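Listed below, chain by chain, are the residues.
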Amino acid sequence: MKPRPPIGRRLVNGVVSGLAAASALMGLLALAWIFWGVLSRGVGALNLDFFTSLPNPPGVSGGGVANAIVGTLAMTGLATLLAVPVGIMAGVFLSEFGQKSRLADQSRFAANVLMGMPSIIIGVFVYAILVLPRGKFSGYAGALSLGIIMLPVVARTAEDMLRLLPNTLREAGLALGAPTWKVTLTILFRAAKPGLLTGILLAVARVSGETAPLLFTALNSPYWESSLAGPTPNLTVTIFNFAMSPYPDWQQMAWGASLLITCGVLALNLAARFFLGEKHS
Amino acid sequence: MIFRGLSRGCAFLVPALIGGIFLALLIYSLPAIKKFGVGFLVSPEWNPVTQEFGAASSIFGTVVSTLIAMLLAVPLSLAIAFFLVELAPPKVSRVVSTLIELLAAIPSIIFGMWGLFVFAPFLQTQVQPWLASTLGFLPLFQGPPMGIGIMSAGIILAFMILPFICAIARDVFLLVPRTIRESAFGMGATTWEVMYKVMIPYGLVGLIGAVFLGLGRALGETMAITFVIGNSHRISASLFAAGNSIASTLANEFAEATEPMYVSSLIALGLVLFLITYLVQILAQFLLRRLYRSWSVGL
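Protein chains in written order, with this note's numbering: chain A, 1 to 281; chain B, 1 to 299.
Hints were generated in silico from the structure; no laboratory data involved.
None of the values given here were measured: they were computed from a predicted structure.
Please note: incorrect hints may appear among the correct ones.
[To be verified] Facing chain A, a subset of chain B residues (Cβ under 10 angstroms, in silico):
(1) V38
(2) G39
(3) F40
(4) L41
(5) L78
(6) E101
(7) A247
(8) Q285
No residue lacks a Cβ here, since even glycine has one placed at the ideal position from N, Cα and C.
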């Protein structure tokens with residue numbers, strides 16, 4: 001025999017459960033609504049011109065954001081080159097050398113704080129140390145602020161992934177007489193590769209949609225730029241400028257660029273998940 | 001040795017960056033701090049023409065929009081976490097968690113676009129007229145329904161921070177030892193009673209940490225807010241009115257600021273935001289760390 005709770009309590013339970021399920025449904029609906037909004041408005045803007053030509057002046061239809069796509073790729077690439085080696089080395093220290101030392105503790109704590117720091121603050125910081133003294137906006141400044149945002153993400157995932165490796169792996173390497181650096185570089189990195197890759201992908205996904213830190217570091221530009229030394233065109237600030245403009249042509253382009261960014265970020269996230277899933281199985 | 005030193009240097013860089021950010025912001029905001037003093041925090045005046053700057057309207061907008069976001073997002077995300085942990089079948093739970101996490105991956109600017117062109121018009125035509133006609137006697141819901149304004153900013157913020165709070169709340173619930181959960185079920189408690197009387201009190205510290213983490217996010221959120229808040233330096237009691245936040249003021253005005261005092265005041269605004277989010281972050285980390293340590297699992 002199985003005594004059941006009285007009807008009143010069961011009723012409350014039912015109501016709350018229903019509300020919880022409804023909340024989950026609402027979260028999913030919000031996601032679907034946003035995705036559908038971007039998809040339905042953005043898809044009309046995508047054509048060959050969108051990927052190959054420069055933005056047209058307002059009122060002239062057609063044109064594209066090719067320069068901004070290249071600029072975003074270049075800055076994200078440079079940011080990755082800056083943040084990944086430093087981040088992975090920091091992760092190595094946290095998991096292999098520092099572990100419970102004070103420096104490791106503080107570094108871990110700071111990485112968590114930095115991850116939650118508003119990205120616009122990073123932009124202000126880079127503006128103060130790089131743009132103001134040099135007197136001009138530059139793609140390098142943009143890449144630096146993106147790199148700073150990536151750093152803690154790479155460092156923390158690298159630490160977690162290295163920590164998951166069994167100690168026997170390290171001991172086997174050391175027993176062969178290999179120094180720690182060799183063990184780390186040739187054995188641990190190889191074993192933790194999918195995890196490290198996941199961290200990098202997530203970090204890239206995180207910054208490829210960032211706008212706030214670029215607003216006053218890289219600024220934007222309607223032209224092809226041959227270097228990152230001056231204002232650099234990029235997709236996200238282009239979206240911001242075009243969306244805030246009163247011209248329907250430009251707003252349409254902003255939707256196209258939004259669709260591109262959304263798809264890129266979601267693809268990176270799914271790829272990261274895929275790599276991690278492969279490792280677990 | 002070299003390798004060890006190198007990795008040590010890289011690890012040291014992270015706390016050094018935080019210190020560097022603080023110092024740089026402090027140094028560059030000194031002119032504004034010297035000129036306006038504490039009055040900077042309480043003066044509602046923001047006028048680049050007369051060079052009078054006060055942060056009150058930006059701070060007000062930040063606080064109010066964050067408050068709306070927290071009021072909506074905290075119950076919603078706890079309810080979703082409850083659904084994921086206790087109610088949904090494992091398969092459904094996995095899919096729904098993944099989708100909710102994808103919501104966190106959507107860039108801020110996309111929320112902004114959607115908010116400005118899709119959600120704000122929806123609020124303006126469907127929700128706000130109804131609020132004005134039923135609750136219009138409150139000063140909160142007076143004035144013309146414009147769609148954009150503090151209210152839409154707060155609601156969009158809620159959607160943005162929901163996945164963060166939800167993910168941590170779910171982890172906290174999953175960490176509650178099985179024996180404790182099951183003994184509550186064994187006493188004949190319903191699923192909701194187990195949640196409300198056992199899981200929530202048990203994981204309370206962690207849940208508060210999760211809420212603070214969401215709070216930190218909401219305070220510093222920039223682009224989505226900049227699109228929909230309306231950008232006006234006026235303080236108004238109505239949620240329909242346009243306002244601004246610290247982050248949106250920075251986003252809108254920084255690239256155009258030329259006079260040194262204007263730039264310095266904006267950086268001072270950044271310093272205020274830095275200090276607020278830093279404090280909230282520290283509190284969140286401290287709570288979560290205490291929880292994970294007492295349950296002896298790594299963060």
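* Hey, does the A247 of chain B contact hint survive, CB to chain A under 10 angstroms? -> 5 angstroms, holds
* Once the shortest beta carbon distance from V38 of chain B to chain A is found, is it less than 10 angstroms? -> 21 angstroms, violated
* Tell me if E101 of chain B is really an interface residue toward chain A, meaning its C-beta lies closer than 10 angstroms to one of theirs. => For E101 of chain B, the interface hint holds, since the closest Cβ of chain A sits about 8 angstroms away, which is under 10 angstroms.
* Tell me if L78 of chain B is really an interface residue toward chain A, meaning its C-beta lies closer than 10 angstroms to one of theirs. => 9 angstroms, holds
* Asked: Would the stated hint for Q285 of chain B survive a check requiring a Cβ distance to chain A of less than 10 angstroms?
  -> 5 angstroms, holds
* Grab the minimum C-beta distance from G39 of chain B to chain A and call the hint holds if it beats 10 angstroms, violated otherwise. => Constraint on G39 of chain B not satisfied, violated at 22 angstroms.
* Asked: Per the CB criterion, is F40 of chain B less than 10 angstroms away from chain A?
  -> 16 angstroms, violated
* Under the criterion of a CB-CB separation shorter than 10 angstroms, is L41 of chain B in contact with chain A as hinted? -> Violated. Min distance 18 angstroms.
Consistency with the previously given hints fails for numbers 1, 2, 3 and 4, ordered from lowest to highest.
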